[in-house]
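Novice: Listed here are the chains, written in short residue letters.
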Amino acid sequence: MEYLFYPGCALEASSAHYGKSAKATMAALGSELNELDDWSCCGATAYVGTDEDKSVAYSARNLALAQSQGAKDLVTACNGCYVMLRKANACWSGSVTIHGHVSRALEAAGLTYDGSVRVRHLAEVMLNDIGVEAISAKVKASLSGLKVAAYHGCQISRPFDDVDNAERPTMLNQLLAATEAEVVPFPLTARCCGGMLMTTRREVALDLVYNILSCARAKGADCIAVACPLCCVNLECYQESISARYGWGEPMPVVPFTQLLGIALDVPARELGLDQCMVDVEPMLARYL
Amino acid sequence: MDTATAPNVLSEELVKELDSIPDGDKIKLCIQCGTCSGSCPTSYAMDWSPRRVIAALRAGCLDEVLRTNTVWLCASCYVCTARCPIGIQFTDMMYALKRLGLKHGIDPPDVRGPRLMREFVGEVDASGRNAEAAMLTKYFLKADPLGGPANLRLAYRMWRKGRLKLRRQPFRAKAQLAAISRSLEGES
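From first to last, the protein sequence lines are chains A and B.
Counting from 1, one number per residue, gives the positions in the first sequence under this note's numbering.
Counting from 1, one number per residue, gives the positions in the second sequence under this note's numbering.
Don't read these hints as lab results, they were simulated from the structure.
Treat the hints with caution; some may be incorrect.
[Said to hold, decoys possible] Keeping only pairs whose Cα atoms sit at most 35 Å apart, straight-line, the calculated DSBU-like set for lysine-lysine is:
| # | chain 1 | residue 1 | chain 2 | residue 2 |
| --- | --- | --- | --- | --- |
| 1 | B | K161 | B | K142 |
| 2 | A | K72 | B | K165 |
| 3 | B | K142 | A | K147 |
| 4 | B | K161 | A | K138 |
| 5 | B | K161 | A | K219 |
| 6 | B | K174 | A | K147 |
| 7 | A | K140 | A | K219 |
| 8 | A | K140 | A | K72 |
| 9 | B | K165 | A | K140 |
| 10 | B | K174 | A | K72 |
| 11 | B | K161 | A | K140 |
[Stated by the list, open to error] Rough simulated footprint, nothing fancy, chain B against chain A, three-plus residues with beta-carbon under 8 Å:
| # | segment |
| --- | --- |
| 12 | 108 to 115 |
| 13 | 129 to 143 |
| 14 | 156 to 162 |
| 15 | 220 to 227 |
| 16 | 254 to 266 |
| 17 | 275 to 282 |
By construction, the Cβ of each residue, glycine as well, lies at the ideal position given by its N, Cα and C atoms.
Using the sequences and the hints given, assemble the complete structure.
Specialist: If you want it as C-alpha cells, here you go:
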C-alpha cells in the first residue's frame, strides 16, 4: 500500500529521526510513505493564532495538491499538522464561515479542492490499515522486558476524538504491544507537554514536562514513546534543565514510536536514526535485545 | 500601535471573531462550573483562569482580558474544549483572542508569545515553511538574548545529531502562496 505523506516542518529538522523511522518502519510493514511534493506549512499554532484565513488557506493548499494527485488519504506523523490539516478540511464540511474566502484564494493560486482528502495520523493508519496482528507477525526482535510509557500528547485525539478517546487515547499502547514490550499504565498520556511554551514561557513548560517524565518513571518505564515531533523535543531535549531545576536523576530515553516498532521489525538502526536521539538509547536496548 | 482602543470597538470585533468559531456564541450559556480552569494544565500560571476569562468576556471586559497573560499561556491542548459540558470551544476562542491582541498591538508585560508568532509567520510567508533554526534564532535574539548561551548549547547538541538544519529547505511554490495571500488580503 502506498500513502501520500505530509512530513511537516519539524520532521525535516528537530525530529528528523521521526521522519526517517516513520518511512523505514512503514517500508518494513510493506507500505510506502511518498512525500507530498513541495508541501507548505500546515498553519501551526503560531500561524492560526495570527491570521486564521491565511493559516487555513496555506494548509488547504496541501490538501488541494494531494487531491490533484488523486490521493484519498494524506498521512502525517505530527499531532500539530494533523489538527491543522483536519481543521482546514472542516472548512469544506459546510459549517465554517471562512470557507468562501479560502476557496477563492486557492482558485486565485490555480488550485481547486473539494474536501475529499482524508487527513490521517500515521499511528491510526498503522493500527487500522495494517493492524496489530500483521505487525506482530512481522516482529523479528521481541522487545519483551522493555517497559514503555506510551505518550500520545494532546492533539492526536483532541479536538478530533473520532479515531481515539480524547481523555485516554490507546492507539500507541495497542501498536507497541505488538513488539511484546510492556506498555505501563500512564495516566498522563494525553496531558500537555507545553508545546510552544517551551520557547515562550519555559518555566511553565518545564513544570509540565517534569510531571510527565516523573509519572513515567514512577510507573517503572524505561523510556517514553511519542507520536509527535514537538512532544519529542520537549520531553527529550530539556532533561538537563529539568535535572538542574527539580533534581531529575538519570535522563530517560524519549523515542518516536516508529523507532521502537522499527527495532522490533529489525530495521537497521541507521535507517531509524537511533543515533540521533539526544538521550542515548543503546544502554536500554542492550538490556533487552 | 494605539493600545487604548476603546473596549466597545474591540467587543464588536470579538463578536465577529466568535461568529467564525463553530458555536462561538455558546459562551452565553457558560454555567461557570470551572471545569476548564480545573482541567487546564497551565491555569496555575495564568493571571485570569479560563472560567474568569469567559465571565469577563460576557461582561464586556475584552480589553482587560487581552492585557492578561492568559491567552498567551494557552498551549492549545484542547482539554477544556473536550471537557466543557456546554460544548464551548474555548481553545479556538483563545486563538481568536490571540489574533485580536496581535491586531491591536496589545502585548501584555512578560509575554513572549506575540514575538514568536511574528517570527513564525514571517518565516512561513518568506519561505513556505517554518525553518526552525532561522525562526528561533531571530526570536531568541529579540525576546531572550540573555538565554543565548544555554540555547546555543542545546542548538549545538541538536546540530551534532542532525536535528538542526542551518539551511532552509527548498520550496518552489512561493508565487502560489503569495497569490493565496493577495487574494485573502483583497477580501478583508
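Novice: Next, verify each hint and record whether it holds.
Specialist: Hints versus structure:
1. K161(B) x K142(B): holds, 26 Å
2. K72(A) x K165(B): holds, 32 Å
3. K142(B) x K147(A): violated, 42 Å
4. K161(B) x K138(A): holds, 30 Å
5. K161(B) x K219(A): holds, 29 Å
6. K174(B) x K147(A): It is violated: about 46 Å lies between the C-alpha atoms, which goes past 35 Å.
7. K140(A) x K219(A): holds, 27 Å
8. K140(A) x K72(A): This hinted pair holds, its Cα atoms lying about 32 Å apart.
9. K165(B) x K140(A): holds, 34 Å
10. K174(B) x K72(A): holds, 26 Å
11. K161(B) x K140(A): Holds, at roughly 28 Å.
12. 108 to 115: holds (count 4)
13. 129 to 143: violated (count 0)
14. 156 to 162: holds (count 3)
15. 220 to 227: Answer violated; 0 residues pass the 8 Å Cβ test.
16. 254 to 266: With 0 residues close enough to chain B, the hint is violated.
17. 275 to 282: Holds: 4 residues of the segment 275 to 282 of chain A have a Cβ under 8 Å from chain B.
In summary, the structure is inconsistent with hints 3, 6, 13, 15, 16 from the numbered list given earlier, while agreeing with the others.
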